[in-house]
Each structure stands twice: as structure tokens, then as C-alpha cells.
Amino acid sequence: MFIKNGSLWTDVAGNPIQAHGGGMLRVGEYVYWFGEDRQGENRVSCYRSSNLVDWEFQGNVLTLNSPFQPINMMTDPTLKTNNEMEKGAIIERPKVIYNRRDNKYVMWMHWENDENYEAGRCAVATCDTVDGVYVYHGSFNPIGHQSRDCTLFIDDDGTAYFISSARENADLHIYRLSEDYLSIDEHVKTLWPGQLREAPILMKREGVYFLLTSGCTGWEPNQGKYAYSSNIDGNWSQLHDFGGSTTFDTQPMFILPVQGSEKTTYLYIGDRWDPSDYHSSSYAILPLSFPTNCTLELHWADLVEVRLDSGNVVTERGDRTMVRIRNGFNRYLSTKSEGKERVCTQILSYSSPSLSWIIEPDFAGYIRIKNRSTNLFLEALETSEEVIMADRSDDKWQQWKLIDGGKGRRIIRNRGNEQVLTLNSKEQSYLYTSQYDPFLQSESHFHAWNGAHNQLFLITEHYG
Numbered sequence: 027m028f029i030k031n032g033s034l035w036t037d038v039a040g041n042p043i044q045a046h047g048g049g050m051l052r053v054g055e056y057v058y059w060f061g062e063d064r065q066g067e068n069r070v071s072c073y074r075s076s077n078l079v080d081w082e083f084q085g086n087v088l089t090l091n092s093p094f095q096p097i098n099m100m101t102d103p104t105l106k107t108n109n110e111m112e113k114g115a116i117i118e119r120p121k122v123i124y125n126r127r128d129n130k131y132v133m134w135m136h137w138e139n140d141e142n143y144e145a146g147r148c149a150v151a152t153c154d155t156v157d158g159v160y161v162y163h164g165s166f167n168p169i170g171h172q173s174r175d176c177t178l179f180i181d182d183d184g185t186a187y188f189i190s191s192a193r194e195n196a197d198l199h200i201y202r203l204s205e206d207y208l209s210i211d212e213h214v215k216t217l218w219p220g221q222l223r224e225a226p227i228l229m230k231r232e233g234v235y236f237l238l239t240s241g242c243t244g245w246e247p248n249q250g251k252y253a254y255s256s257n258i259d260g261n262w263s264q265l266h267d268f269g270g271s272t273t274f275d276t277q278p279m280f281i282l283p284v285q286g287s288e289k290t291t292y293l294y295i296g297d298r299w300d301p302s303d304y305h306s307s308s309y310a311i312l313p314l315s316f317p318t319n320c321t322l323e324l325h326w327a328d329l330v331e332v333r334l335d336s337g338n339v340v341t342e343r344g345d346r347t348m349v350r351i352r353n354g355f356n357r358y359l360s361t362k363s364e365g366k367e368r369v370c371t372q373i374l375s376y377s378s379p380s381l382s383w384i385i386e387p388d389f390a391g392y393i394r395i396k397n398r399s400t401n402l403f404l405e406a407l408e409t410s411e412e413v414i415m416a417d418r419s420d421d422k423w424q425q426w427k428l429i430d431g432g433k434g435r436r437i438i439r440n441r442g443n444e445q446v447l448t449l450n451s452k453e454q455s456y457l458y459t460s461q462y463d464p465f466l467q468s469e470s471h472f473h474a475w476n477g478a479h480n481q482l483f484l485i486t487e488h489y490g
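My numbering numbers the first residue of the sequence shown as 27 and each following residue consecutively.
There could be a bad hint or two in this list.
Distance condition first, Cα-Cα at most 20 Å in a straight line; then the derived EDC-like pairs of lysine to aspartate or glutamate [stated by the list, open to error]: (1) 215 - 181; (2) 433 - 487; (3) 106 - 118; (4) 289 - 331; (5) 130 - 183; (6) 130 - 211; (7) 362 - 411; (8) 427 - 463; (9) 106 - 144.
Pair by pair, the computed Cβ-Cβ distance ranges are [said to hold, decoys possible]: (10) 193 - 287: 42 to 52 Å; (11) 417 - 140: 49 to 59 Å; (12) 455 - 434: 23 to 33 Å.
Source of the hints: derived by calculation from the structure; they are not laboratory data. We treat Cβ as the ideally placed atom computed from N, Cα and C, and that holds for glycine.
Between the sequences and the hints, there should be enough to build the whole structure, so can you do that?
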């Protein structure tokens, strides 16, 4: 049975799976999936599957009403932040590991208040069974640090580590946990200070540790990066790209090792956040490959079949005919009808056909750009700098050339006026053409961290 990446996943009852930012744990014949459910009160959901396709909802294992039990360190017991309004903590990135010594399942997560997102704490809960009611043990700042996006990892010797972003995601910290996995034993490493990495996931293969992260662009996908080391608290490599310019429209959630009778496969589990509708966010499962002992690759597949018994994986990928076109401010080219079809930008929505475009080759390296929703073509006007959508013609005003703008971005130049597609900084949603200016940036929207530029565009395949 195949996993269908790029679609909205549902459980066996037909309900959308709400397990965002979570993690997976294999226990017996089942894989258990824990994640965020923000429908109504925030809670941690749990699903299980024997094939990674058919997921059964096991219940909410942590809620705002979960029982509290103190441990031998100072923590804040608060889950409900306002009893009168039934408001409570925001729980993100829950991960569960098993402590063999104590026969306990231990959950760590990111705890936030429901007002200003400034608390930045980690929190801990435990349970005697994998899918039972978890007992909450409180939240705290690890060794005084802020703690946001996080993950857990158990090494071969049973030592557990907690990895979390801090200082407004500027730094990434690695902590060694106590033997009961309930507290921080030692801060062992700060990685890439000031480089704004989040969504960490950690794995180990043949003695080499790999740490995968994303950049910080909110709900918008970005270029994933990884680093490797032979010693978790030693020196780490520089960051390397993986998974394309948008990590195939995902953000790292978890790596699930599948130890089968024939091979061990490492599955990348990614969140596909939908900025236009959080509850329509979905997921992708893709196998990682390792060209060398210290490199990894991630390739897109529309369909993935994972055989948990053998560890073998079968993938299928269809032809890619559609693209999305994103400007430097993480807004996507779309169309808008106001008497005539204008070219505008809008927030990413995977369900919106107006964000899908088809690049049609023309002569001498020129292309035509057709909108999937309207079947109209991008056209510059001879009489003004305006850009519209129009029926196909052989006119040079519908012919465009893609020019390398560096870092995978493109300048889109029109043949008719030799000017380039530009974000309208006065009417932020509309586009026009103008002379190329390498220093043209919208002051009100410029972000140094993502190289925002009014005339640079990222053209990405339409995955799924």
C-alpha cells in the first residue's frame, strides 16, 4: 500500500490526521505517531499504524486537563493559563522516547503561553504505556535557556539527548538528559550560533550523526540543511543543502529508522504546513539515501511504499508539469480579476489552482508562462509597465526569459520591453515590469535573512 505524498492525509475513520510537528515511535508491530492537535484546546494526539498508510486514532494522550505530578526539580505545573476562558498552553513538537531502565515512555515538547509566544520553555510528561494518558511534570527553561523547536534522540548506549532552538531560534543547543530522561544533565553543545535554524531532527547511521534543520520562515517552506559529526558533543561539519529549495514544500518533523530483516531504511517525515489554513496542513514521508558515509540526499516521490518487515521501500514519481513562482517575500504569483486579469501575489495555499503555472518553451530560449486556473498567459503591456493575463498570442510581449539571479532564484525578463518582472512596492499585491536593479528592495518588507528582492523569483516544482 502506498503513502500518497502531497495529499491531505486522513485516518481510518476518514478524519484529517492532526499530528503536526510530532514524532514517531515503533513499538511491536505498530508505529505510533504523536503530534500537535490545535482544534479547539491544544492537545497531543496519538495515532498508530502497521503500514504507515492506515492510521488509527488512539486518542489525545496529553490535554490541558492532564494530571500533574512533580519531579525532583522545579517546574511550572501550568497547562491551563486561564480557567475562566478555558484557555491554555500551546504545545508544539511533542516527541516520545522509551526509557528501558524505568520502563517509562517519556515525552518532551515545546511549551508556550497563549498570549505573546515569549515563554519559550520545554515541558515533560510520562506514561507507563505508549498510548495511555500521560502525566504532566511541568515546564521549565533548560539551564536558563529559551527552548522552542525541539527533538529527542537516544544513542546506542541508551544516553538520551534533547535538542532545541533558543534565543529566538538564533542558536541550537544539544543537552544530555538524566538517566530517567526527565531532566537536563548537561549542556553539551551550541551549534551554529546566530544562524537561525529550527525544526531539528537527529539520527545516527554507521557511527555518523546527522542533524537536519530548516530555516526560519514561519509557515513557508525553505531550503533544508544538514550537518554531520562522528561525535555528538564534538565538532560538526558546515551546513549542507538537502531536498531542494523548499525541501519539497516540507519542514523536518522526524526521522524514523525502519530496521527490517533485509536492510535498515531511514524515513524523513516532513510537515507540509499550509499558511492559508493550518488545519489543512499535511505531511510527506520520503526515504533518505546516503551516497557516502557523511552525505545524505532526499528525493521527491509521489507514492511511497514502506515494508516494515523487510525495510525495503518502493517509490514512484510522476512527471512534473506545473510550478509555483515565489517572490523574495514568500508570496506566490497568482491572478486576480478586476475587469481584466491582473497578476498579483498571495500567501501560499496548496488548494489554490491560481498559484499553479505551466512553463512553455518558446524559440531562442524564451518561454511563455501560463496560469493553470485561467489558461491565460503572462503578458507585459506595450503602453505601460503593467502586467496582465491574456489569451495566447505570438506577440513578443508574452515571451519571457529566465536569467540566473543567484542562489537558485531567477530574474524574469520580457522580450518586448527588455524589462523584468517586479513586485509593485506601492500596491504590494500587483506586479509590473521595470529595469533591473540589483539593489532594489522593498524597505517595508526587506528581510536580510532571506535575501528578499523585488525582482528575484524562486520557481519550484509542484510537488503532489
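Verification of the hints:
1. 215 - 181: holds (16 Å)
2. 433 - 487: Satisfied, since the Cα-Cα distance of roughly 16 Å is no more than 20 Å.
3. 106 - 118: Given pair residue 106, residue 118 holds - Cα atoms ~15 Å apart, limit 20 Å.
4. 289 - 331: Holds: residue 289 and residue 331 sit about 15 Å apart, inside 20 Å.
5. 130 - 183: At roughly 17 Å apart (the allowed maximum being 20 Å), residue 183 and residue 130 satisfy the hint.
6. 130 - 211: holds (18 Å)
7. 362 - 411: It holds: about 17 Å lies between the C-alpha atoms, which stays within 20 Å.
8. 427 - 463: Holds: residue 427 and residue 463 sit about 17 Å apart, inside 20 Å.
9. 106 - 144: holds (17 Å)
10. 193 - 287: 42 to 52 Å: At 45 Å between Cβs, range holds.
11. 417 - 140: 49 to 59 Å: At 51 Å between Cβs, range holds.
12. 455 - 434: 23 to 33 Å: Roughly 24 Å apart at Cβ, these two residues keep to the hinted range, so it holds.
When the structure is compared with the earlier hints, no violation turns up for any of them.
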